[in-house]
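Heads up: the protein sequence lines correspond to chains A and B, in order. Just so it is clear: in the first sequence, position 221 is 221 by the numbering used here, and no numbers are missing. Just so it is clear: in the second sequence, position 41 is 41 by the numbering used here, and no numbers are missing.
Think of the hints as simulated: they come from the structure by calculation, not from any bench. Given the structure is predicted, the values throughout are model-derived calculations rather than measurements. We put the beta carbon where it would ideally sit given N, CA and C, even for glycine. Each hint should be verified, as a subset may be incorrect.
Here chain A is said to cover these stretches of chain B; the calculated rule only asks that three of the stretch's residues, wherever they fall, bring their Cβ under 8 Å from a Cβ of chain A [said to hold, decoys possible]:
id, region
1, 58–64
2, 72–85
3, 137–146
4, 247–257
5, 280–294
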Amino acid sequence: MSLDTDLWWAVARSEEVTSKKPLSVDIGDQPVVLWRDHHGIARALEDRCPHRRAPLSLGCIRDNGLIQCGYHGWSYDGETGRLKEIPNMKDQQKFPPLYKANAFGVSEQAGFVRVCLNPKAEAPLSAEPKYSYIGTVNVSCSHQEYLDALYDDPALILAIRGVRFSPYIMSELHEEGGMLVMERSCQWHPLHWPSHFVAEFPLTLLTRTHPLTGETHLTLRDDAFNDLLHAVLSPVPAARGVTAVRWRAELGVRRPGLRGAMLRGVNPLTVLSSIDGSKLRTTKPTVSLHGEDLRNALLDAPQDTHDQTVAA
Amino acid sequence: MLDIADRPTSHDDNSAPPAGGSPIAMNVVNRWVPHNIVMRDSWFPVAHDYSVTGKPVRRAVYSNPIFLWRDNGVVVASEFHPNERVVRDKSDYTDARGRYPVMEHYGVVWIWLGNPLAADPRHLPSLPFLPPKGGLPRHMTATVRFESSAPISLENLIDLTHADFLHADVVGDERSDSETIETYYDSETVTMVRTCVNKSVAPVMKFFSGIKQPTQNVRQVIRIYLRSHCAIAYGRFSPGDDVPLFHPCTPETRDRTRMEMVMNTSNAGRMFSYVMPKAGYKVSRQDSYMTSPQSPRYMRHTDRKDLHSKFDQAGQRYRMAMMELADRQAKGDFAYRDNVSADCSDIIGLRKELFQF
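So here's chain B without its partners, still in its complex pose (with noise of 0.2 Å):
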């Protein structure tokens, strides 16, 4: 059941950051040491279909090798590879053969990483706006990297105030006439809607949407799901297009994150569902260029406290889910509270009417 983190907060509202007292613990949000933080009995995504072919690749999930290829159609997902001389043992993440729990779904390969027997497709996360079977264009997808842990990846969404600066020649500055941001979340999910109104149009759908029009309503999604460390980032711009992106951050290693990204710009117009999901490396670049020096300092425990703002609970919340959650996992409890598979397209206000599969 999701719960609303915080009141939300707008332009109008002049008060102070909260010192030394917010809805959320400081102090636990504080001792957020991301690199710390791994999670288990989850879907990971690790490859998008089409990669997975007759030929063995590798991925690595938390380090632990994957090699993926396709028995007679079926993706096998296996921690040896099939030429390795197998002189280590095997995990307790697979079968007595080596072998992952893996499925398809949304045109991605996913693996559970945790206790093969718990592994469920009811466990799989919600992406409503794309198709259960897979099959959308090359162009909407695209593989980028991250120097950095997931999490702060993760964080670095969560936290779209950054966008209007570090990302400024894509999706516009920080000039509006109002801006909320409200939080919701459960023991699963941490959901983020920013609404703005009469934003600076997004450079891109200027010139590759044709938007004529000075500013723009937005409203922005982020949810993360936090096991999978997988998140939704929902746009819907008035005028413009509704641009859902699937943004997973799989922790290869601690300290490297992967994405498999899924753009489904299938609704809007043809040279901006082209551009659209391009545009993915260079804010992916322009993202690196903050997170690859800022996780180094995140590996240790520090008693210098973060500062933070009003636009940061989103954030907040994000770590206290993620440290709860760890504790729990670090307590054997690795049950699911609530249901990641449900669909969320009323949580992400989905234009399902555009989203038809």
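Just chain A, with the same shape it has in the complex (with noise of 0.2 Å):
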């Protein structure tokens, strides 16, 4: 899979990235290892030694925060991928340049780790906060066909506590500040009438995605305009074409009655692992033709019109 190198992908939680163990990720076809230095700073070389080609996330993080091979021992730094020490080799201490694995660019914002694979890329700013509920799933679907389910029909891949998605919009996708948004009526599950018969929803889900990277922040909101539940959705095409999709979601104003405490206590979102494939073959591609449209008519306009800064 070919990707803009300029991208950031939310390829990890940053609990998931520490300094007792390699995390082994993928950008599309592109393995990469992420560990913490001993400053704790989040790192990421390729997940290949460039010595014998084992992947480095099968070794280990030493105490001065190299990344060491766990082959025949050859130890990285992890901010210039530059080789540092080869165990049978203590007398020399220095290797020339060309001895190095291939280092991307690392940023750590609102419990996410975003890697670039061009390391000289600007890292997005973000003021977001960091959501508590987390989770992380592996989908056995291509990055795009998970997007689209998604615009299609949210309760493909995932599903909010006492929440049921509707089949209609009350705003369709559009481009708003680089970003494509949409708005879907929801109800209250499982009490409630046939959506087609209903004359009003009291809940909407609002996503706002990116149209590259698809990271999409999701706003589940009331009927009196409350933000009932925060999430931040980050779908990486991985290897083989699944897609690694870790979340991050938090709680908005806690809503009183039976049907508030249905989302209060503990995490009211899923993000479901696998995808029914009987319901998605059915799913009528509707809302991801225009967001196909969309998608081609932002990446024509000029690159300022989707800065990831709004997105991270």
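Hints in hand, dock the two standalone chains.
Below is the structure:
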């Protein structure tokens, strides 16, 4: 899969990246290893030792913050990717610049570790808080198919306890500040009238999606315009057509009553680890068709219109 | 001024569907991409009057947010919720306070989407079978939704031959001694009149109106107000009842439609007057069964042309009229060339004596 090298992908949640054990992730067909160095800074290198191509993620993190290949023990600096040590060559401390693994840009904000394949790319800014409910799923579905499912029927990929997504849309997919924005009408579950006969919907789900990365901010609102739930869903194209999805969520305004109680207490958001093929096959592509047109229009527009700062 | 679109067709006419040449330019008809048609400078029906109270309710027309509530009994239509922390720009469709022009008529709340200064009650569609000040019982009203574009829903409506198959269990099948279809149009409306002699009696009338005869004569009229995406569906059944229906197809988005229907059955028998409006719930799902998968297939232009029969002339005229109006609007011409509020009783053949207000 060919990817824009200047994009920042939320490939991990902050909690997943530690100084105890390297983490293997992908951006498309590019394997990436993540860890924290001895200063607690997240680092990202290609997950491939330049020596004998062994995955660095099978190695370990040393006390000095270097990542060490588990095969022959070569150690690399996370910031530059430069080779720092070969166990059998203790007397040689300097290696030619060519002796390095590819290093990637890393940025950590709002509880996500984002990686950019271009190490010189400018990291996005974010004023988002760090939501406390978290999760990771890997879905056997391409990145675009995953986003199309989100547009056409969110129930294919996620569930919010006590909430049912309707097929009716308050605001169809449109461009707003470089993002793809839509708002879907929702009902309280399980007691509700059939949505096609309902005059008023008590809830809406507002989604704001970055046109390239697909990182999506979700807001569940009631009819008094109270934000009941915030979530960030970050789908990243991974190896073999899989989409790795990291997410974070936080409850918003405390809604009183029985229905509000369904949202309270424990995490109300579930991001599904698989998509029901029979439902997906019969879900009509409607919003996603507009999405494709919009995305193409945005990509044809000057680059600053889809500045990733907005997404982050 | 109304023009007669096409010569009447009948079962006796065995001619093949027009091949390449008809009164309507087929090339234009086949360029039909209803999702791209967005009308403005029009009144859109958005709510039954009783739905709007002190608490804001939300509506949308072409995704434009509309919040409705009453302030001292007067309807307010705003593009912002009163509790909203406003971070988005005001649209061009509202005044300095973000308010849409709004009016109540026929028991329905209408908002004007377009240039607010052009809003004029004279552009409100004529619905002579509804009391101007509203007040029909609630059981004659309903809200139903379609997962399709509004023009698709209206094109479905104006070709009533679909009803003989999709809604046969409600309105009867296709059997009749003769059937004629006439189409009339002007720049703002398309009207189709279908006359059937000795048609299979509608089951809903057999069971709830006590019609004993096996057949009935039927005159059905569909009149579409193009800009508002509103239709009148008026059936006169003999023996049987007069059943006029206000059938708006408000485009909440380009691919979702909302219908605040009103069926005036006040002249029908008691049981029928209650049951028939409820048939809308059943009929709408039957329609959705077809229009929902149909709609995405019209989202983009395709070189593959639709096939047409002689019964499609009203639908073809509808397509053309909508495209002509959309074309005019695209060029900045939003003027009304025909008066949509003029009483259409004669055009739809309304038996006025039954609907005095």
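These are the hints, each one checked on the structure:
A stretch counts as covered by a chain when three or more of its residues have a beta carbon under 8 Å from one of that chain; for the region 58–64 of chain B and chain A the count is 3, and the coverage holds. Counting residues of the region 72–85 of chain B whose C-beta lies closer than 8 Å to any C-beta of chain A gives 3; at least three are required, and the coverage claim holds. With 5 residues having a Cβ less than 8 Å from any Cβ of chain A, the region 137–146 of chain B passes the three-residue criterion, so the hint holds. For the region 247–257 of chain B, the stated coverage by chain A holds: 5 residues have a C-beta nearer than 8 Å to a C-beta of that chain, and at least 3 were required.
With 6 residues having a Cβ less than 8 Å from any Cβ of chain A, the region 280–294 of chain B passes the three-residue criterion, so the hint holds.
Hint violations for this structure: none, all hints satisfied.
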